[in-house]
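A.B. asks: Chains A and B, in that order, give the protein sequences. Start counting the first sequence at -2; every next residue gets the next number (our numbering). Start counting the second sequence at -2; every next residue gets the next number (our numbering).
Simulated from the structure, these hints should not be mistaken for laboratory data. Careful, some of the hints might be misleading.
Which copy? The list can't say, so a pair holds if one copy fits it or any two copies do.
Unchecked claim - Heads up, simulated DSS-like pairs for lysine-lysine below, C-alpha to C-alpha not over 30 Å straight-line:
1. K291 x K307
2. K191 x K14
3. K10 x K307
4. K291 x K323
5. K323 x K154
6. K191 x K264
7. K191 x K307
8. K14 x K395
9. K191 x K291
10. K154 x K191
11. K14 x K154
12. K14 x K304
2 protein chains.
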Amino acid sequence: MIDFPYLSDIVRKTDSKILMLVADGLGGAPAPDSRRSELESARIPNLNRLAQASSAGLTIPVAPGVAPGSGPGHLALFGYDPLRYLIGRGALEAIGIEMELRPGDVAARGNFATIDADGNLVDRRAGRIASELAAPLAERLAQVNLNGLNVAVEHVKDYRFVLRLRGEGLSDQLTETDPQLTGAPPLMVEPRAKGAAAAAAAANAFVEHAREALRDQEAANMVLLRGWSVAPDLPSFGASYALMPAAIAAYPMYRGLASIVGMRVLKTGGDFAAEVRTLREHWDEHDFFFLHYKNTDAAGEDGDFDKKRKALESLDEFVPALLDLKPDVLMVAGDHSTPSIMAAHSWHPVPFLLHSQWTLGEGVDRFNERDLRRGSLGIFEAKHIMSLALAHAGKLAKFGP
Amino acid sequence: MIDFPYLSDIVRKTDSKILMLVADGLGGAPAPDSRRSELESARIPNLNRLAQASSAGLTIPVAPGVAPGSGPGHLALFGYDPLRYLIGRGALEAIGIEMELRPGDVAARGNFATIDADGNLVDRRAGRIASELAAPLAERLAQVNLNGLNVAVEHVKDYRFVLRLRGEGLSDQLTETDPQLTGAPPLMVEPRAKGAAAAAAAANAFVEHAREALRDQEAANMVLLRGWSVAPDLPSFGASYALMPAAIAAYPMYRGLASIVGMRVLKTGGDFAAEVRTLREHWDEHDFFFLHYKNTDAAGEDGDFDKKRKALESLDEFVPALLDLKPDVLMVAGDHSTPSIMAAHSWHPVPFLLHSQWTLGEGVDRFNERDLRRGSLGIFEAKHIMSLALAHAGKLAKFGP
């Protein structure tokens, strides 16, 4: 039962519906000149009005000071303690390109890299080689033949690919080959636990085959492998919360994260308008929807304050359409903050609101980092969001007599 | 040492006195028209003045989103982790009518119910049969003879009674007989663990005897049993905190909760004025008092906003009398919220203040949900209240060298 064993005694199935809108990288920080954050600078009348009739606060995705990746950021929103349920980098990379990971498979994130005649690294990213050059090289690597193992390699983007090994007796208890500096040779894969020696040997054999296969290349003449990991094994979201959950996300990474907790992933289009159409079409079929909005994070990662402001304004325009569906609980959450001034994921608590028939407003007039601090939910761990949602949806009985 | 093993090294006995006033169901929520909560609508000058000279905040009784029953709500106030120390429904019901539960006894909550000629349930509460009709039927059930077991049945109220079995080899690992729906027969009691088979057989035998004994009844011709439980085994409150604790409560449920943690239960009258007289009379005998005020919860459960507002105003009038006793620490707390708009216990954080010589106010001018959010204690778990009380009473030495 995920992290709240007490819920299993009190959760009950009802007809009420919960809609969780996740604006990726939602939180921001004040710009030096205006001293206002992206949310404070944006024209977001619908979100502000919603905040006036909601319970509100700020969520801590993992722990104070910790900037989460997309994996832990979303797991927390789904109620999984992100410090307990870990997803390896290789597995997340595979999830992000919808590459199947079965129990027993081992995945690593791969980089194309450049080595000199002595075998020392010159560039750990092969000059950030373009996708159209890298993709055929990934296909070459997929031809590598390892005795008794199935080898799959799929290109991700630019210099990045995923390696997946499938077969008997594999392990993810392996060291990485990236020395994290140039001028030195790539490292050998070493077993980190008993029983991982065979997997280490297979990994080293793959690297040698790859070096051979890339010998004719100038830039991408070597590979680096890291983040060895197996498929995550997570309790079912639907079974834990007595919900029939569905996920709507234009980006594969978020579809993958939803699928590993057992949500039904709905086919949708490439932008948020298409996502909202999908939501409307399937509204009667599910009692929980995870709806993902990517543009806020993308703009924040670009360090483009104005683009993030506009992404928030675009999102705001969809709020009435979401309310038209009359969800019993509508949440606006983020998996982490991505302040434009940092151009990166950050540790800052993330704006959050929950709207239901029981939330009549609490004096928070605007949806931004500063105002939400005064909300009744305070600053709290994101993993508690689902309990709050279930409570407001009337899906939790009283605890204890 | 309850849940804070570190306290045992630093707690020390002193002459200072702690008074914990628990207003049951204290927290509320804004009404749709006024957008003010019961506390915000009430005229409570004494509580407001007290808040101006206190440390203040909001407490989470069990966990975010979780609405507690009276049992876990009070255990948390007493410093017992309510997720760790569980009280079964049968045991709490027995506690609530001051029915003795010894180690080894098993108690269940009973309902009178109505079955048809085929044995299917028609009404799970026997038409909410009145107490004057139900009480003699409970006496009938108390005559049931089970081989080698002592059977006690006590009427609670309306259609409810408590069954207590006493004897060798009993267990509370039993399933309930209430199918939670009508049109089906009551369920058989099944053992939920090894060693519970004999107890299950005894329970089923009781049900058969009860059915016979009630055969002449139209409405209450059957019983349903649930919440099988043994007496809770809790560490001593007094020993854990080096206190001589006393409890004053007009309602038996709260006297029972105090007695199971080892507080001395003082004989008192039927209303809060009598409770305050009892407090004054025994002031010199104890260094900790749990003083319970019921009317706030009762009004909230009735969904009567105005009655709850008045219950708060009545409570407010007693504050000067409490201050006259010059407690070193005076706390005003609640075991959970009971918003009138929900007419039920809720998960909302509960108003809390602590007044002592070390609390000189912190800009919180009024005692209500909205203002207390800005208090120095923030939103915190209720189980920490006792540590704060001990600290403010000078009863905790420094931790560590």
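A.B. asks: Against each hint, give a clear statement of whether it holds in the structure.
C.D. replies: Now for the hints, and whether the structure bears them out:
Only within a single protomer do K291 and K307 lie at most 30 Å apart by alpha-carbon distance; the minimum there is 13 Å, versus 50 Å between protomers. Proximity of K191 and K14 under a CA criterion of 30 Å is satisfied in neither setting, with 48 Å inside one chain copy and 40 Å between copies. Taking the shortest alpha-carbon separations for K10 and K307, neither the intra-copy value of 39 Å nor the inter-copy value of 37 Å comes in at or below 30 Å. Taking the closest pair of Cα atoms, K291 and K323 come within 30 Å of each other only inside a single copy of the chain (23 Å); across copies the shortest separation is 37 Å, beyond that limit.
In this homomeric assembly, K323 and K154 never come within 30 Å of each other (Cα to Cα): the closest approach is 39 Å inside a single copy and 40 Å across copies. In this assembly of identical chains, the alpha carbons of K191 and K264 never lie at most 30 Å apart, being 42 Å within a copy and 49 Å across copies at closest. In this assembly of identical chains, the alpha carbons of K191 and K307 never lie at most 30 Å apart, being 52 Å within a copy and 63 Å across copies at closest. In this assembly of identical chains, the alpha carbons of K14 and K395 lie at most 30 Å apart only when taken from the same copy (20 Å versus 34 Å across copies).
Taking the shortest alpha-carbon separations for K191 and K291, neither the intra-copy value of 41 Å nor the inter-copy value of 53 Å comes in at or below 30 Å. With identical chains, the CA atoms of K154 and K191 are never at most 30 Å apart, being 34 Å at best within one copy and 58 Å at best between copies. Taking the closest pair of Cα atoms, K14 and K154 never come within 30 Å of each other, the shortest separation being 37 Å inside a single copy and 37 Å across copies. Taking the shortest alpha-carbon separations for K14 and K304, neither the intra-copy value of 32 Å nor the inter-copy value of 33 Å comes in at or below 30 Å.
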